[in-house]
Amino acid sequence: MAELSDQLVTFAILAYLIAMISHAVEYALGYVRAVPAAPARELVGAGVGATGGTGGVPAVPAAAAATRQGRTARRAGVAGWAAVGLTVLAALLHLGALATRGIAAERMPWGNMYEFVLTVTWIGTAAWLAVLVKRPSLRRLGLFLTLVMVLLLAFAELKLYVEVVPLMPALQSYWFIIHVSTIVVASGIFLLGVVPAVAFLMRNGYEQGRRSFPYTLARRLPAAAGLERLTFALHAFSFPLFTFAVIAGAIWAEAAWGRAWGWDPKETWAFISWVVYAGYLHARATPSVRRNVATWIAVLGFLTVLMNLFGVNFFFTGLHSYAGVE
Amino acid sequence: MTTVDDRPAAPAAAPRRRPHPMLALLRNSWRQLTSMRTALVLLFLLAVAAIPGSVLPQRGVNPEQVDRYFRDHPELAPQLDRIGGFEVFGSVWFSAIYLLLFTSLVGCILPRMRDHVRALRSRPPAAPKRLERLPQHAVLEAPAAADPAAIAAVLRRRRWRVEVRGNEVSAEKGYLKETGNLLFHTSLVAVLLGVALGSWYGWHGNRLLVAGEENSFCNTRQQYSEASLGPRVDSGALPRFCLTLDDFDARFLPSGQPESYRATVTVDELTGPTRQAAFSVNSPLRLGSANVYLLGHGYAPILRYTDRYGRSQTSAVPFLTTGDANLTSEGLAPFPDANVDPVTGKRDPTQQVAFEGLYLPTAPEAPPFVSSRFPTERNPAVVLVAYRGNLGMDAGIPGSIYQLDQRQVSNGKLKQVGDAKLGVGEKWTLDDGSTLEFLGTKPYITLSVRHDPGQTLMLVACVVLLAGLMASLFARRRRVWFRVVPADPGSGSPTSGSSLVLAGGLPRTEHPGFADEFAQLIAAVRGDGRTREGAE
Ligand code: HEM
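Just so you know, the sequences run in chain order A and B. FYI, this note's numbering numbers position 83 of the first sequence as 1075, with every residue one higher than the one before it. FYI, this note's numbering numbers position 439 of the second sequence as 590, with every residue one higher than the one before it.
Derived from the structure by calculation, the hints contain no laboratory data. All C-beta atoms in this analysis are idealised placements derived from N, C-alpha and C, irrespective of residue type, glycine included. One or more hints might be untrue.
[To be verified] Have a look at the derived ranges for each label pair, beta carbon to beta carbon:
#	chain 1	residue 1	chain 2	residue 2	range
1	B	R498	A	E1098	56 to 62 Å
2	B	R310	A	K1151	26 to 32 Å
3	B	D397	A	K1151	43 to 49 Å
4	A	R1282	B	R413	54 to 60 Å
5	A	E995	B	Q374	49 to 55 Å
[Claimed, not checked] Subject to a maximum C-alpha distance of 20 Å in a straight line, what follows is the list of computed SDA-like cross-link-like pairs (lysine to any residue):
#	chain 1	residue 1	chain 2	residue 2
6	A	K1126	B	Y460
7	A	K1126	B	E661
8	B	K328	A	G1303
9	B	K328	A	T1278
10	B	K328	A	W1073
11	A	K1151	A	G1303
12	A	K1126	A	W1073
13	B	K328	A	A1225
14	B	K572	B	Q554
15	B	K593	B	D397
16	B	K497	B	P531
17	B	K497	B	G540
18	B	K328	A	H1274
19	B	K328	B	E365
20	B	K280	B	K328
21	A	K1126	B	E668
22	A	K1126	B	R316
23	B	K328	A	P1279
24	B	K328	A	R1221
25	B	K497	B	Y460
26	A	K1126	B	D667
[As the list claims (entries may be wrong)] Negatives, chain A to chain B, calculated, CB over 10 Å:
#	residue
27	L1081
28	A1118
29	A1122
30	E1149
31	I1170
32	R1202
33	F1205
34	R1212
35	R1221
36	A1228
37	I1239
38	R1251
39	I1264
40	A1275
When you get a sec, could you build the whole thing from the sequences and use the hints?
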């Protein structure tokens, strides 16, 4: 079972990778389509030989351009939906990896950092697919999402991998399931939330006329306002969940360690994340704070979550010393 | 597009009574801008201030690591200590930030509470003149509910707060958002109060408890190796109870990983008969007055020393675990009363004896005997060095009972007189004819006993906090208005002669689903499609 799980993880990474490439193809085709959308400009371009900023597309007469454009658009659409299909496949493989890992360990697959990352990323993907069902127009964000998945999963596989072992006594409690499952789901949605947040920051810059490197990537992204609303919706969903998870952790800590809150490094960083995300919600509710400033705070919040997940396990020792990294 | 950021105007709807609406608006805006911004900055400072608390070792979490830090950074550590680097969460600057934040919070909650109570008691405001300017609007021709009372009934059924003024109906919904918000912020203050209560009236103590009736302990300050009492706790007034460790059961997997722990104790609360209770890592022993937590465990080797006069003493000395997973433990077994001359009854301070060394629950088959191979007792052995001389225990200098006073060794008053490894039942004869026997071990546990009277308040506050937070985030305040006007007779509409209903809706906070809700409401007022067709 454990080996099957490991193989499924590898296949899932591959599927995410191919999905990412497919998204990238969609993106690239989208670039081609981007310019001929304005026929007048196309005609002017025809006289000059090539318009600036068309990504090297030779200018062609408008009629030919239109058919070409149609074909490219169709291809872009196919690539995009293929990417989504591949993401679904990856998510299924990923789920299979989690399930087999759990069966092999005879417990929930959240016992150490490797399993934790595996689960958080799966939640991120699942939540992404749920968002996609509601708002198919956001499909292009999949490029960023699959990129994040490939990076995190590959990191988990290469750096965090541990053999299946049972839980230590400190973790054998139903609060373990409650606390960890909510932390996992909240973290997964924070992870997903950072995708539209970063996309918004790029797109917003683009809409305000910036044309330097990271902003140009945002050319084919959905409109900034929608990205911002999605960012908020995801964070508004996961913040109470995260709050609950922290409270559940405190209740568990009271039973296990005799104190609800002791400023152990994990607890300290959970506190920091909580405060930063509360800051995001405040900043967003404050009309005088610009939306991109607020969104930066959300991104910062995710960095603190990452710090808690990786930094604390690697750099500090505390009571949460079951991460399974030596 | 369907959202209106009208925060500053929010309370302005109610305060008709205020002397100058413009002033009130300015004051509200000022409060909005400055206080929220201040709160934001303070929130940030709080997050940043917490970082050193995770980077530097903290006394409250891990005092040993603080000591090590002092050893490793002898220059830097005292400097950091002066600014509270090892007690960040009790430091002046950290406290200053959160106290300021909470002041700002209270200063923010109180006026909002007043406004909210006013809003709850006031009636939904009158309709704006031009409903078609609102983000949602509709014109209904000959609806099923065509008079204000009927429209009000439809709205009330949908739990809107409704006010009818002549030919107009005003309705508002979603007060829960602000209620939740206020509950959330108020419960933050309550959590802080719970923390304060716990630190004033709470107490805790740690100690080690070896199995056996002769080692039982009672809850007094003196019986703890480490204790801390809140400033309002009288050390003579600790609740009375006694504990005896009857049995300790630890299970391990073949890999050596712990699987389960369980301590069985006899509890004597001095009010009734004694009872037996069991507890483990995740389920503390909850006595009425305090909770007892299992923190760790280990072994206390039982050693019998028979001195040169043939008199023996037996003691079970807890050896502390060194931190390795296989429970290699180290300790000291002192016999300060050894070799008392039976004739004179005088103690000879140069003839005291102590044994220092390791206890290995599973000793390896062959040397070196420095670490255990497994956490349970498969091949238990002690590896000891014997010392004879003055242990320095009478000098009045408090020393650790787990370590030899190295000063006595370095000044020559205490000499090493041999070493040996003993299995259970083995006897070691020293150079002066005295003997040491290793008889076996007793388990010990380390306990933390705590009483925190703020916990209930904190728990309740957390539940309210969560409920308030969800209401604040997911409830949505919105208003709708209906105006019944006579239909224009010249329009040629099939309903001429009857009345026309104008409707408008305004989401007061971001509310992507408002358009749908408004449409449903309109359909309900209209009396849904079929009825209308039937009417035609
Ligand atoms: C410990 C510090 C604080 C925390 C953790 C905190 C947390 C929160 C959270 C999570 C929300 C919900 C955000 C939302 O509704 O979108 C909120 C809303 C709000 N907070 Fe705080 N808060 C704190 C301090 C303050 C202070 C000091 C003030 C006063 C200036 C304040 C004023 C507000 C206001 C006005 C809202 C409503 C925003 C809205 O209507 O959406 N908060 N707060």
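So, going through the hints one by one against the coordinates:
Range check, R498 of chain B to E1098 of chain A: about 60 Å between beta-carbon atoms, so the 56 to 62 Å window is met. With their beta carbons about 54 Å apart, R310 of chain B and K1151 of chain A fall outside the hinted range of 26 to 32 Å. A hinted range of 43 to 49 Å holds for the C-beta pair D397 of chain B and K1151 of chain A, which are about 46 Å apart. For the pair R1282 of chain A and R413 of chain B, the supplied restraint of 54 to 60 Å holds, since their beta-carbon distance comes to about 58 Å.
For E995 of chain A and Q374 of chain B, the Cβ-Cβ distance of about 53 Å falls inside the hinted range of 49 to 55 Å, so the restraint holds. A hinted pair counts as satisfied when its Cα atoms are at most 20 Å apart, and K1126 of chain A with Y460 of chain B does not qualify at roughly 90 Å. Restraint check for K1126 of chain A and E661 of chain B: the C-alpha separation of about 18 Å stays at or below 20 Å, so the hint holds. For the hint linking K328 of chain B to G1303 of chain A, the alpha-carbon distance of about 37 Å lies beyond 20 Å, and the restraint is violated.
Simply put, K328 of chain B and T1278 of chain A have alpha-carbon atoms about 16 Å apart, close enough for the 20 Å limit, and the pair holds. Taking the CA atoms of K328 of chain B and W1073 of chain A, the gap is about 39 Å. The hint is violated against a cut of 20 Å. For the hint linking K1151 of chain A to G1303 of chain A, the alpha-carbon distance of about 13 Å falls within 20 Å, and the restraint holds. Using a Cα cut-off of 20 Å, the hinted pair K1126 of chain A and W1073 of chain A holds, with the two alpha carbons roughly 15 Å apart.
Distance restraint check for K328 of chain B and A1225 of chain A: the Cα-Cα separation of roughly 16 Å lies within the 20 Å cut-off, and the hinted pair is therefore satisfied. Under the criterion of a C-alpha separation no larger than 20 Å, the hint pairing K572 of chain B with Q554 of chain B is consistent with the structure, at around 19 Å. With a C-alpha separation of about 10 Å, the suggested pair K593 of chain B and D397 of chain B falls inside the 20 Å cut-off, and the hint holds. Distance restraint check for K497 of chain B and P531 of chain B: the Cα-Cα separation of roughly 36 Å exceeds the 20 Å cut-off, and the hinted pair is therefore not satisfied.
At most 20 Å may separate the alpha-carbon atoms for a hinted pair to count; K497 of chain B and G540 of chain B meet this at roughly 15 Å. A C-alpha spacing of about 15 Å is found between K328 of chain B and H1274 of chain A, which places the hinted pair at or below 20 Å, so the restraint holds. Of the supplied pair hints, the one linking K328 of chain B and E365 of chain B is violated, its CA atoms being roughly 61 Å apart against a limit of 20 Å. About 27 Å separates the Cα atoms of K280 of chain B and K328 of chain B, which puts this hinted pair outside 20 Å; it is violated.
With a C-alpha separation of about 18 Å, the suggested pair K1126 of chain A and E668 of chain B falls inside the 20 Å cut-off, and the hint holds. Using a Cα cut-off of 20 Å, the hinted pair K1126 of chain A and R316 of chain B is violated, with the two alpha carbons roughly 41 Å apart. A threshold of 20 Å between alpha carbons decides the hint, and for K328 of chain B with P1279 of chain A the separation of about 18 Å falls inside it, so the pair holds. Between K328 of chain B and R1221 of chain A the alpha-carbon distance is near 19 Å, which keeps this suggested pair within the 20 Å criterion.
For the given pair, K497 of chain B sits about 13 Å from Y460 of chain B by alpha-carbon distance, which is consistent with the 20 Å threshold. Of the pairs offered as hints, the one joining K1126 of chain A and D667 of chain B holds, with about 15 Å between alpha carbons and a cut-off of 20 Å not exceeded. The beta carbon of L1081 of chain A sits about 31 Å from the closest Cβ of chain B, which is more than 10 Å, so the claim that it is off the interface holds. At roughly 21 Å from the closest C-beta of chain B, the C-beta of A1118 of chain A stays outside 10 Å, upholding its exclusion from the interface.
With a minimum CB-CB distance of about 16 Å to chain B, A1122 of chain A clears the 10 Å threshold, and the non-interface call stands. At roughly 23 Å from the closest C-beta of chain B, the C-beta of E1149 of chain A stays outside 10 Å, upholding its exclusion from the interface. No Cβ of chain B approaches the Cβ of I1170 of chain A within 10 Å, the least distance being about 12 Å, so the stated non-interface status holds. For R1202 of chain A, the requirement that its beta carbon stay farther than 10 Å from each beta carbon of chain B is met, with the minimum near 24 Å.
Residue-level check passed: F1205 of chain A sits 29 Å from the nearest beta carbon of chain B, beyond 10 Å. A cut-off of 10 Å between C-beta atoms confirms that R1212 of chain A is not in contact with chain B; the least separation is 23 Å. With a least beta-carbon separation of about 7 Å from chain B, R1221 of chain A fails to lie farther than 10 Å from that chain, contradicting its non-interface assignment. A beta-carbon of chain B is positioned within 10 Å of the beta-carbon of A1228 of chain A; the least distance is around 5 Å.
A cut-off of 10 Å between C-beta atoms contradicts the statement that I1239 of chain A is not in contact with chain B; the least separation is 5 Å. With a least CB separation of 7 Å from chain B, R1251 of chain A falls inside the 10 Å interface cut-off, contrary to its annotation. Consistency note on I1264 of chain A: stated as away from chain B, yet its beta-carbon is not over 10 Å from all of that chain's, at 5 Å minimum. A Cβ of chain B approaches the Cβ of A1275 of chain A within 10 Å, the least distance being about 6 Å, so the stated non-interface status is violated.
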